[in-house]
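2 protein chains.
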Amino acid sequence: FSSKKPAPDPKVVRSVIDGLKNIYANKVRPVEETYHFADFYSPLLRDSDFDAKPMVLLLGQYSTGKTTFITYLLERNFPGAHIGPEPTTDRFIAIMYNKEERVTPGNALAVQADKPFRGLEMFGTAFLSKFQSSELPAPLLEDLIFIDTPGVLSGEKQRIGRAYDFIKVIQWFSERSDMILLLFDAYKLDISDEFRMAIETLKGQDDKVRLVLNKADLVNSQQLMRVYGALMWSLGKVIKTPEVMRVYIGSFWNEPYQNKENENLFRAEQADLLRDLRNMPANATIRKVNELVKRARLAKVHAYIVSYLKNQMPTMFGHKSKQDELLKTLPQVFETVSRQYNLPMGDFPEVQRFRDNCGRFEFSKHFVKLNQKMIESMDTVLSKDLPDLMQRFPQDKPKAHMLE
Amino acid sequence: FSSKKPAPDPKVVRSVIDGLKNIYANKVRPVEETYHFADFYSPLLRDSDFDAKPMVLLLGQYSTGKTTFITYLLERNFPGAHIGPEPTTDRFIAIMYNKEERVTPGNALAVQADKPFRGLEMFGTAFLSKFQSSELPAPLLEDLIFIDTPGVLSGEKQRIGRAYDFIKVIQWFSERSDMILLLFDAYKLDISDEFRMAIETLKGQDDKVRLVLNKADLVNSQQLMRVYGALMWSLGKVIKTPEVMRVYIGSFWNEPYQNKENENLFRAEQADLLRDLRNMPANATIRKVNELVKRARLAKVHAYIVSYLKNQMPTMFGHKSKQDELLKTLPQVFETVSRQYNLPMGDFPEVQRFRDNCGRFEFSKHFVKLNQKMIESMDTVLSKDLPDLMQRFPQDKPKAHMLE
Ligand SMILES: Nc1ncnc2c1ncn2[C@@H]1O[C@H](COP(=O)(O)OP(=O)(O)OP(=O)(O)O)[C@@H](O)[C@H]1O
Ligand SMILES: Nc1ncnc2c1ncn2[C@@H]1O[C@H](COP(=O)(O)OP(=O)(O)OP(=O)(O)O)[C@@H](O)[C@H]1O
Ligand SMILES: [Mg+2]
Ligand SMILES: [Mg+2]
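Protein sequences appear in the order of chains A and B. So the first sequence is numbered by the numbering used here: it starts at -3 and just counts up by one. So the second sequence is numbered by the numbering used here: it starts at -3 and just counts up by one.
A few of these clues could be false.
One copy or two, it doesn't matter: identical chains are merged, so the pair holds either way.
Unchecked claim - The list that follows gives simulated cross-link-like pairs (lysine-lysine, DSSO-like), each with its CA atoms no further than 30 Å apart:
1) K318 / K369
2) K236 / K23
3) K324 / K380
4) K95 / K184
5) K126 / K204
6) K17 / K126
7) K199 / K126
8) K236 / K199
9) K204 / K236
10) K199 / K284
11) K164 / K233
12) K284 / K111
13) K306 / K316
14) K324 / K236
15) K369 / K199
16) K111 / K290
17) K184 / K233
Hints in this document: simulated from the structure, not taken from any laboratory. All figures in this text were calculated on a predicted structure; none of them were measured in a lab.
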């Protein structure tokens, strides 16, 4: 059911990240700059885009044990961690690595360019005053960021206290997270309307979502089966994917189990969760390699289109009318370029979007001819550099198809 | 989660059934006959309507262990039971009590007035030749009937072999069953399209459906959790009720468990299932009492309406026009009767249906005046006889509201 491979060495992960940065800066980025890639698709990448650590988002009703869960994984407390039976965590906390313990308030955090939280400014001070980072030197954090969140309350109590849009904030974090853990309390299973809404906003991110059925030792075997069945029955209705979500069943803290009937199950599940978390940096890195492959292919096709357009322009007069004609016959242009340079049509951008983005350019003035050397250098990125990087992962074989 | 009360004595159940028959024959039926109840609502009841034993329908993919399950409950084999890893049971088998072992083929069975299978004639010989009863002297069968069914195959194989409409037959049995057990194999979980369709036709019967996750000892704890989760996740999507269905998790045969991790759970679940089956006759009987209460209330209101209509008729002339007028003003008639005799409007029949059923009657000729004695005698049914019967059940208190 789940592979029991050891998590790859964090050092490998970091060496691959450095490799990616180099490849991008020296071979892909020059092409992007020469052919105005950023104006057509997405901004040039910065080192921090490669460095960004995978983020684990915790969501759940209040008191399901989210904060305790994080301290259990870190094997220590973090600054600002409040744990208790009443609703305790009243803010979003980004738990990150730092050699020294430190707490940074949200307003300051959201302006730091090297942190992945700049976008949060749009939620204003109402939200930022309920956001902070909590930095500390826990080994697990060298490769992961945890986002602790305020528990969802049941009923109307919830919305009254809040000055920001909780669902929108959740959405923001979930889109940027690599894993979303939904915590449930086996002793007191509850899915309030607001939590259901939060789960529904995760649509499209389903492949990142995992469930944790926590405090599973507080009930006996038969009760656990009823609770677990009810959880899956209800979530199956809320989450539309036919694929079943992975559930980790256990008690995620360091106290002895109250009911020992399922001790072995709990231990195995807790070990699985830890392993899956430890695998995240490698998986996130593989994803980054994959994204760079896609980006380089697009940059290549883009360079061919732009230089083809440039080539079609008359030397002296009639620039405007030729450009208009080319834009009108763009689908044929794409097909010609595809045939001429043997580029798969699947790599081409959407016609309409490309046409719209041409608006700000004069082909004869802004576009340049094909720089054969530059393209060849980038071709080696796809044929050699990135496959070589992938080789550094122990499980390179099954992942090979990602480069096809 | 589930009440652990002992199943009531089968003798009590049978004495209540006899009581019901008596009450109906001596006090309710005379009212029904006098006021043409059967022409308005439903046929007069026969003894066999009270005697009918609760029916347990087993459904599942092939080889999930349905036939084995029945022999496990009966603690013996039944004539015609075929068990094996390939698709074995090729017909519907009604497993019923008899002092001697006996097999009756479907065509003969469907014409017996004292058996609850007359309606099956409509499926023709194509079905009846794939239907039989298997009678034997197993104690559990004194109060229950089991219906074993051919396992559902996956893919197209299924429909090719069959000359009758499987889904329609399933629907027929499910409407007449008191419990519908869906069996799943934990080692080889499979819900084929046809089985999903069969489950969907159970809509409206959801409260009778229970799930059995069989062969649960063939997998380890973690695998069991994955399979069970997948089952609930998928079924939650197919079955629209928010209420979670009860699942019995275990291995329902007499072999030792292969994997003993969940031994206690399995034993508890198997005990629960047996208890719930043993409770069925009592629950079915309580339902019969409840239905007779409803029927007697309707019979009473009906008698008042009919005798009121009779009273309104002129002695000599103008019958036709008076009857037409009364039928036109039926809603007012109902209200007058309700006020005059202090009868709750909720007990009254639907106006249009009542009006339609009046078509075949001449009020002055066919309807009779109120027989006060007969009504009073039936009133004691509601105020005394049926509550007295209910008292015979140990758990009479919580069920009292059914008589309100
Ligand atoms: N595995 C566990 N088993 C039993 N009790 C637990 C477990 N984990 C946490 N608890 C207890 O549950 C309560 C809530 O824990 P915690 O504050 O970590 O939850 P939370 O989800 O962070 O709540 P909030 O949403 O209010 O921040 C505390 O009393 C804690 O001791
Ligand atoms: N609890 C159990 N654990 C393991 N194996 C079982 C169990 N119950 C039945 N089996 C085995 O599964 C196979 C199928 O059993 P059985 O014939 O009772 O299933 P069935 O559902 O009636 O199949 P069909 O739909 O073909 O009639 C047989 O080999 C039987 O021995
Ligand atoms: Mg908390
Ligand atoms: Mg069978």
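### Query
From the Cα coordinates, with 30 Å as the cut-off, is the pair K236 and K23 best called within, between, both, or neither?
neither (42 Å within a copy, 55 Å between copies)
If the cutoff is 30 Å on CA atoms, where do K126 and K204 land: within, between, both or neither? Let me know, please. within (25 Å within a copy, 49 Å between copies)
(message) One pair to classify: K184 and K233, alpha carbons no more than 30 Å apart. Within, between, both, or neither?
(response) both (20 Å within a copy, 23 Å between copies)
query = How do K199 and K284 come out at 30 Å by Cα distance, when the copy is not named: within, between, both, or neither?
reply = within (22 Å within a copy, 47 Å between copies)
Is it within a copy, between copies, both, or neither that the alpha carbon of K111 lies no farther than 30 Å from that of K290?
within (25 Å within a copy, 70 Å between copies)
Original post:
For K164 vs K233, is the C-alpha pair at or below 30 Å within one copy, between two copies, both, or neither?
Top reply: both (22 Å within a copy, 27 Å between copies)
task: Check K284 against K111 for me: Cα-Cα at most 30 Å, and say if that holds within a copy, between copies, both or neither.
output: Within one copy, since 18 Å is at most 30 Å while 70 Å is not.
Checking an output row: K306 and K316, CA cutoff 30 Å. Within, between, both or neither? within (13 Å within a copy, 97 Å between copies)
| said: As a check of your reading, is K324 near K380 (CA-CA no more than 30 Å) within one copy, between copies, both or neither? | reply: Result: close neither inside a copy nor across copies, 37 Å intra and 90 Å inter.
### Task
Could you figure out if K17 and K126 sit no more than 30 Å apart (CA to CA) within one copy, between two copies, both or neither?
Neither. Shortest intra-copy (34 Å) and inter-copy (71 Å) distances fail the 30 Å Cα cut-off.
Problem set entry | Intra/inter-copy verdict for K318 and K369 if alpha-carbon distance must be at most 30 Å | Intra 28 Å, inter 105 Å, cutoff 30 Å: intra-copy only.
Copy assignment of K204 with K236, given that the CA separation must stay at most 30 Å
both (14 Å within a copy, 26 Å between copies)
In this structure, the earlier hints numbered 2, 3, 4, 6, 14, 15 are contradicted, and the remaining ones agree with it.
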